[in-house]
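Undergrad: These are the residues of each chain, in order.
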Amino acid sequence: MNVFSVHDLNVYYSDFHAVRDVSVDVKEHEITAFIGPSGCGKSTVLRCFNRMNDLIETARVEGEIKYHGVDLYGGEVDPVQVRRHIGMVFQKPNPFPKSIYDNVAFGPRIAGFKGNLDELVESSLERAALWDEVKDILDQSAFALSGGQQQRLCIARAIATSPDVLLMDEPASALDPIATLRIEELMHELKGEYTIIIVTHNMQQAARVSDRTAFFNVSLNEQGQRTGQLVEFDETGLIFTNPKETATEDYITGRFG
Amino acid sequence: MATRSKMPTTSDLVKASISGKKTDFVGIAVAFILLLTVFVSLGILITLLADMLIKGWSVFADRGWDFISSPLSPDPEKAGLSQAIFGSLILMVFVVIVAFPLGVGAAIYLEEYAKDTRMTRFIVANMRNLAGVPSIVYGLLGFAVFVQLLSGITNGRTLISGGLTLAVLVLPIMMITASEALRAVPDALRQASYGVGATKWETIRHHVLPVATPAILTGSVLTVARAFGESAPLLLAGAVLSNFFSAPAGTGVVTLVTEGDYTALPIVVFNWARQPQKEFVAITAAGIVVLLVILLLVNGVAIYLRDRASRRAA
Amino acid sequence: MTSHGTEPSSAAPRHHDESRHHFTEILEEIKDGMVEMGSLVIDNARRAGVAIVENRLELVPEIIGADDEVNLRYAQLERLTFETLARQQPVAKDLRFLVSATRILYELERSGDLVVNLAYIVDRLHGLPESPQLRSLLDRLVGASCDVLASGITALSNMDEVAGRLVDEEDDVVDELVGAFYDEISRERNEIGLEAGIALNRMGRFLERIADHGVNIGENTTYIVTAEFPGDTHLGIRDED
Chain A
1376 MNVFSVHDLN VYYSDFHAVR DVSVDVKEHE ITAFIGPSGC GKSTVLRCFN RMNDLIETAR
1436 VEGEIKYHGV DLYGGEVDPV QVRRHIGMVF QKPNPFPKSI YDNVAFGPRI AGFKGNLDEL
1496 VESSLERAAL WDEVKDILDQ SAFALSGGQQ QRLCIARAIA TSPDVLLMDE PASALDPIAT
1556 LRIEELMHEL KGEYTIIIVT HNMQQAARVS DRTAFFNVSL NEQGQRTGQL VEFDETGLIF
1616 TNPKETATED YITGRFG
Chain B
142 MATRSKMPTT SDLVKASISG KKTDFVGIAV AFILLLTVFV SLGILITLLA DMLIKGWSVF
202 ADRGWDFISS PLSPDPEKAG LSQAIFGSLI LMVFVVIVAF PLGVGAAIYL EEYAKDTRMT
262 RFIVANMRNL AGVPSIVYGL LGFAVFVQLL SGITNGRTLI SGGLTLAVLV LPIMMITASE
322 ALRAVPDALR QASYGVGATK WETIRHHVLP VATPAILTGS VLTVARAFGE SAPLLLAGAV
382 LSNFFSAPAG TGVVTLVTEG DYTALPIVVF NWARQPQKEF VAITAAGIVV LLVILLLVNG
442 VAIYLRDRAS RRAA
Chain C
64 MTSHGTEPSS AAPRHHDESR HHFTEILEEI KDGMVEMGSL VIDNARRAGV AIVENRLELV
124 PEIIGADDEV NLRYAQLERL TFETLARQQP VAKDLRFLVS ATRILYELER SGDLVVNLAY
184 IVDRLHGLPE SPQLRSLLDR LVGASCDVLA SGITALSNMD EVAGRLVDEE DDVVDELVGA
244 FYDEISRERN EIGLEAGIAL NRMGRFLERI ADHGVNIGEN TTYIVTAEFP GDTHLGIRDE
304 D
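Protein chains in written order, with this note's numbering: chain A, 1376 to 1632; chain B, 142 to 455; chain C, 64 to 304.
Hints may contain errors.
One-sided and incomplete, this derived list gives chain A residues near chain B with beta-carbon spacing under 8 Å [stated by the list, open to error]:
1) Ile1431
2) Glu1451
3) Val1452
4) Gln1456
5) Arg1459
6) Gly1462
7) Met1463
8) Asn1469
9) Pro1472
10) Phe1481
11) Ala1486
12) Phe1488
13) Thr1536
14) Val1606
The set of hints was computed from the structure by calculation and includes no laboratory data.
Treat the numbers as computed from the prediction; the structure is a model and nothing was measured.
From the three backbone atoms N, C-alpha and C, an ideal C-beta is built for every residue, glycine too.
Make a model of the complete structure from these sequences and hints.
TA: So this is what it looks like as structure tokens:
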């Protein structure tokens, strides 16, 4: 079943055509990875899924993104509500300068959560594989945690609003290898409950962690401007053992540029 | 193989290329000059302070608290600062009440809400220009607007007119400081907040403002301190230069503010400094010392508030 | 924060301390797959043994069919190994395991084919000569070859480098039996005729080779664990003739 169905997506920043004609289906309870060189538009496409591009004044999105069949850019859709259903984890761990507890509790609080907040915080931290490490220091600043722990806290924070999708924008690029593998392991565990889309410039990471991989590349349009395009989208095993496009093969074998 | 003993080994070559310490004269000279600038700046300040303390010391020694609590007087032996301190403090209250919310509010709007249009950029550029306008111009404005045009509200030459004039004077600075504080809040924090489904106001209220508060507070208090030392605009906006009779004991603060003549510390210091009598030299110096002490106190409060706020934010 | 219970919420998933649990699971899957594939080959070899010794030609289609399953698993496991090499960037023991897995899978697949070849020979001869000595020797040879293959797979299953090294010694039994079997063929050449003689000779060679594949699996196991092939530097590849 498709969580997202993207059809002919085009994204512009002012006159700059950042992404051209992307069509992609994201399946439920799978990890979909977006890979490609810098400027290929992979992050731009990711940020369309929770309407994060709305925050950039000059951004313009054309085409269609269906979320469980609903047009994500339809007139009645409230981006704030969208972001409660589609959580996001960013490149650099960005916990709030607040306590560990408040970091996780913030989302549910503003959403008017009525249940037992303590339990929600605990289960969110459990799911993010962080509970055992922080259960005794919940009232301490999130900045007291290591980078890897901070990123897992950010995952717990995203989970706390009970989303069904997690968007991860290079979630491990600021972490050391061990912390990176822990995040990847966590993603494997989370995909039972969530649909995950990860943008990564680390193709080995995409190979290790994802079920499907989309390879984006930069091409020049008629005006000679650089534009991101989807080159190939397939099962990760196939992309990394037998890619159909030469551009994909050149990229994953390190023969690009 | 016979030449081998003459051939330098790799480690000989490496040793030659990485050893031989040379003295970095330029570096030492630069460090020395920079240190000198520190001493000169500090030296000027210390000289000034010492000069004032020495000249004014007799006043504190002879009169003590009487110098602070006495009203103005043409007689340097009796003249005191009570009215000036009162005036200055009330002026600061005006600045805080009027300029702080206006400046911070405008900054929040321009930084967080306003779209990046030509109009916005025009307004911001003008605010920056206003911050550079000489304070005497604000005095003229205060006189024309608050003392004359709005005399029905301000009662003419009262603390209200003076306070509003100073508030308008520091408003652009207040706004620029607050803007910079808001701009220093990392965008990652806003994104994190939007990412969990917060609205714009929730993001500002829960994340941006708490982080920006220490810097806003510090900037604001320093701005207030600047207003505290201003004399030129007040001269035009109605502060009384010459001595005036103090209101009868028991007059309410409200009446003092809304009806009475007023003066302020820098005005008084300015006035005393112009007096020909030799005795005024000592009380002028003593007045400056009081002014500096109050400024130091205000700055101290600023540092305290900032530390407390940043502890809470982190 | 004393209000927090110490009982973890039941809704939350269990976590693994290991940072590459998922990868470890795949390696286990490949190993278990190889062991199962090995069991299928051994079962089929024993079935071929019954067909030969008891002259039950009706088992032949079953034997050929069973090898299809072996081939299918070979394709799946090889693909998984291949993909894992591409996706998980294995190093050290993991790398030796996956590279050895491609070899072990080949050994197993070849063993399966040899079993099918045995069945074809039986089928073409319409049964073996009625010689009790030859049948008895064949019976023991099938048993010994299966035992050697089973020892190799057991060593792999337990990742036991000592057991892996010892498989080679077990193989001596097979070599002796093959020698005795050839002698017996030679002795009875007039009774059984040339055609049956050649067929029996090939059977002996196939069974010997099945045992050799078992030895190779054992040696690869030792290599995975110790990074060295037992004995010498011939990389565990034994001559097939």
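Undergrad: Are there hints from earlier that the structure breaks, and if so, what are their numbers?
TA: 1, 2, 3, 12, 14
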